[in-house]
Structures are given as structure tokens and as C-alpha cells.
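K.L.:
Construct the entire structure; sequences and hints are all you get.
Chains as they are written, first to last, in full-length UniProt numbering: chain W, 1 to 223; chain R, 1 to 223.
Hints are supplied without guarantee of correctness; some may be wrong.
[Said to hold, decoys possible] Below are the BS3-like pairs computed for lysine-lysine, each with C-alpha atoms no more than 30 Å apart in a straight line:
#, chain 1, residue 1, chain 2, residue 2
1, W, Lys7, R, Lys104
2, R, Lys197, R, Lys139
3, R, Lys63, W, Lys141
4, R, Lys107, W, Lys41
5, R, Lys107, W, Lys122
6, W, Lys122, W, Lys104
7, W, Lys133, R, Lys122
8, W, Lys63, R, Lys141
9, R, Lys41, W, Lys139
10, W, Lys142, R, Lys41
11, R, Lys41, W, Lys133
12, W, Lys104, R, Lys107
13, W, Lys214, R, Lys104
14, W, Lys54, R, Lys141
15, R, Lys197, R, Lys141
16, W, Lys54, R, Lys122
17, W, Lys54, R, Lys139
18, R, Lys179, R, Lys197
19, R, Lys139, W, Lys41
20, R, Lys104, W, Lys41
21, R, Lys179, W, Lys63
22, R, Lys133, W, Lys107
23, R, Lys197, W, Lys104
24, W, Lys133, W, Lys63
25, W, Lys104, R, Lys122
26, R, Lys41, W, Lys107
27, R, Lys133, R, Lys63
28, W, Lys27, W, Lys179
29, W, Lys54, R, Lys41
30, W, Lys104, R, Lys179
[Unchecked claim] Across the chosen pairs, the derived CB separations fall in these ranges:
#, chain 1, residue 1, chain 2, residue 2, range
31, R, Lys133, W, Thr220, 23 to 29 Å
32, W, Lys139, R, Thr108, 35 to 41 Å
33, W, Asp132, R, Thr43, 17 to 23 Å
34, R, Lys107, W, Glu118, 20 to 26 Å
35, W, Tyr33, R, Ser218, 21 to 27 Å
36, W, Asn148, R, Asn125, 44 to 50 Å
Calculated from the structure, these hints are not laboratory results.
A virtual CB, placed ideally from N, CA and C, is assigned to each residue, including glycine.
There are 2 protein chains.
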Amino acid sequence: MGRESVKLFSCVLSPVGRRVEWALKLKGVDYEYVEEDIFNKSTLLLELNPVHNKVPVLVHHHKPIAESLIILQYIDQTWNQYPLLPQHPYQRALARFWGTVADKLAKTSWDAMCRSGEEQEKIVNEAREVMDKIEEEIKGKKFFGGENIGYIDIAFGWIPCWLPLWEEVGSMQIVDPLKHSAISAWITNFVTHPVIKDCLPPRDKMLVYSLRRKQDYSSTLPA
Amino acid sequence: MGRESVKLFSCVLSPVGRRVEWALKLKGVDYEYVEEDIFNKSTLLLELNPVHNKVPVLVHHHKPIAESLIILQYIDQTWNQYPLLPQHPYQRALARFWGTVADKLAKTSWDAMCRSGEEQEKIVNEAREVMDKIEEEIKGKKFFGGENIGYIDIAFGWIPCWLPLWEEVGSMQIVDPLKHSAISAWITNFVTHPVIKDCLPPRDKMLVYSLRRKQDYSSTLPA
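P.N.:
Encoded structure:
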């Protein structure tokens with residue numbers, strides 16, 4: 001356990017759980033990592049997050065906090081080194097806004113992977129439109145946070161780490177390397193960052209999990 | 001236009017738009033209100049919120065901010081009088097957490113209204129379970145924020161103002177006055193608050209809109 005009693009309940013397969021790990025590592029905060037089996041959640045997790053029963057949960061001084069983007073903001077307010085959010089209220093609001101875009105787009109992209117045919121095509125087009133807006137936002141910058149990885153970069157961290165695999169499993173393309181050249185450059189900057197490259201999710205386990213969830217979804221459809 | 005150039009683009013039918021109005025009124029901030037027709041959105045709205053094309057958008061000193069909960073946080077950081085969020089990082093995180101619960105539950109309750117039969121029953125049960133957790137949270141308190149209306153109260157403001165109507169249109173019950181006596185008491189405290197009672201949404205328009213949306217949803221189902 002870290003000197004300050006910082007525990008993270010997460011799952012290697014969770015794109016949102018990884019956000020919290022990245023933030024803690026960027027800030028150099030010691031923490032104890034507790035892996036949860038999301039198919040057989042522990043009683044403790046259900047007690048720590050009784051409303052959603054989901055990872056990640058950060059427990060600091062024995063007090064639990066849920067929801068990855070909220071945890072990021074808590075971490076940023078609690079440990080000042082390596083700021084994640086800008087200070088100015090308007091810039092903070094914009095960072096929070098892009099955080100919600102990241103959450104919604106992750107859900108849309110996952111849904112697209114699970115579906116097929118016309119239904120998938122419709123969702124992929126919606127996702128691409130949002131990706132076009134993100135392309136405008138990152139153009140000319142190394143990171144969304146400027147020279148350093150910040151809150152928005154962490155929120156969008158599932159794009160470099162999970163999306164290529166979801167695209168493979170779903171036989172679809174959401175990021176177009178020609179059209180989204182700034183996003184493609186950002187992806188390289190992100191995954192080669194010294195902290196991030198040592199904390200990437202395991203591709204083999206992610207592939208098995210994504211295939212399983214796509215099959216689960218297909219099996220719930222009417223024959 | 002207020003001295004500070006504060007403009008709110010919203011719609012009287014939007015539960016999340018109303019949150020911003022309540023916050024501005026509680027803080028005594030002058031603002032210009034611009035009503036948007038959500039069936040025929042203005043070009044200006046699409047420019048102000050190009051990612052989601054949705055109300056509410058707050059424009060302060062000609063800079064747009066979208067997403068109601070993010071706007072509330074911006075308002076709280078910009079105008080210090082009548083604080084909406086607590087100061088302590090952990091209490092702030094909890095307030096933000098309940099804000100996300102409020103958003104998800106509003107979506108669940110709206111979905112329940114649109115559906116029927118077993119599908120509706122399943123969603124209603126999910127919503128009731130969350131309502132049980134909210135009951136525990138509000139028990140023994142006048143408002144979620146203590147003696148004054150705060151961020152969580154505003155986030156849950158759709159429960160007193162919209163939910164009874166959604167329950168009527170959907171022929172369902174999510175708040176049970178016997179089981180949820182603390183929520184019921186909070187509802188009374190909320191709607192009789194001097195600022196809120198003068199800024200309640202128009203029931204007749206809401207009813208027409210909710211019925212229309214339920215019909216729209218039904219018409220998309222396979223025959």
C-alpha cells in the first residue's frame with residue numbers, strides 16, 4: 001500500500017480504468033492496484049460503488065470515488081504536481097467537455113463493433129463525424145494539453161489503445177489515417193510517451209474479450 | 001443583454017437546460033435567454049455546439065460552453081456568490097458523481113416512458129434501484145447540498161419537474177411515495193424554494209412533447 005493509502009480497483013480490460021493508472025503514474029503517486037474480475041465482481045467492489053457496481057474505483061484514505069473522469073479531477077485537485085486540467089475556468093470547461101465527448105465516442109465505437117450491416121454503418125458514420133471534430137481540435141498540437149499529456153489526452157487514451165482492435169473485431173474503420181492525419185500523429189505521440197508506453201493494455205486479452213462481447217451481443221438478437 | 005454578456009441558448013422543454021437557468025437565478029446573474037426550437041435548430045446553435053448540436057449552451061463573453069453539468073461547474077467557478085459545489089476535493093468528487101447518476105437516471109426514466117410491456121418493466125426496475133440509493137443519500141437532509149440548494153439538487157431537478165409527467169405518459173411508477181419518503185419530502189422542498197417555484201417548466205407543453213416522443217418511438221418499432 002502506498003504511504004498515503006491509495007488503492008485502485010480496476011480491470012486490465014477497462015479503457016476507463018487505464019485512465020486512472022495513467023494519471024497516477026504521470027503524477028508519480030504510489031498506489032496499490034487491485035484487479036477485479038468483471039465477470040465475477042467482488043463484494044468489496046459492490047460496496048465501494050453501490051450505484052453502478054463498476055470499475056474503476058479509487059480509494060484514498062479509505063474513501064471511495066467512482067467514475068474515471070471524476071477520479072481524474074479528484075487526483076488533479078489532490079496532487080498538484082504535473083497538472084492535468086488547465087487553471088482558467090473556460091479552459092477547464094472545454095477540457096471537461098472533451099472528456100464527455102471521449103466517453104460518448106467510446107460508447108458509440110464499442111456499439112459499432114458489436115453491430116453489423118446497415119445498423120453498424122449508421123453508427124460508424126456518427127463516430128466518424130465526431131472524429132472529424134477531434135481532428136480539428138488536435139491539429140497543430142503535440143497533445144490536446146499542449147506539450148504535455150493532460151486530461152483530454154487521458155480521456156481519449158482509448159483511441160490509440162483500444163480502437164484499432166475494436167475496428168479489427170468489427171471489420172470497420174472509424175479513424176481514417178488519410179483524413180485524420182493529426183489524430184494519427186497524436187496517437188504516435190501518445191503511445192510513445194515514456195509513462196504511457198510502459199502502461200499499455202494487453203492486446204491478446206483485449207482481443208479475446210472484445211470477440212466474446214461481440215458474440216454475446218449477436219446471440220441476443222432475434223433469429 | 002446582461003452587463004457581462006451572458007447568453008443562454010436553451011429550450012423550455014429541456015430538463016438539462018432548466019438546470020442552467022436555476023443556477024444563474026440562484027447566483028443572481030443577469031442573462032439573456034434565447035429559446036431554441038429543438039425541431040428546427042438555428043444555424044447559430046450548430047456553430048456554438050458543433051459536436052452535439054444540442055441545448056443548453058451558455059455563451060459568456062462570446063465564448064460558448066456546452067453540457068449542462070459542465071456549465072454548472074463553470075458558473076460556480078466564475079461567480080462565487082451562493083456556492084453550488086462544496087470546496088473539499090472529496091465532497092466535490094461526490095457531488096460530481098451524483099451529477100452523473102442524475103444524468104443516467106434521467107435517460108433511463110425517459111427510455112422507460114417510451115417503452116412498454118416487459119421491456120419497460122425491466123428499465124423501470126433498474127430506475128427504482130437507483131432511486132433507492134438516492135433515498136439513502138437524501139435521508140435526514142433538507143437538500144442534497146444541506147440547508148441550501150446545491151449542484152446535486154439542481155442535477156436532480158428533473159425528478160420533481162419532469163418525472164411525474166413521464167410516469168403519467170408511460171403509465172409507470174418510479175418514485176414510490178411510501179418507499180421514497182425522503183425523496184418525496186425533498187421534492188416538496190425543491191419546488192417550493194422561492195427561486196425554483198418561479199422558474200418551473202410549463203406542464204402543458206411538456207405533456208404534448210412527451211406524448212409526441214413516445215409516439216415517435218412506438219412508430220419506429222417493427223409492426
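K.L.:
Compare the structure with the hints numbered earlier in the document and write down the numbers of the violated ones, lowest to highest.
P.N.:
7, 10, 23, 24, 27, 28, 29, 30, 35
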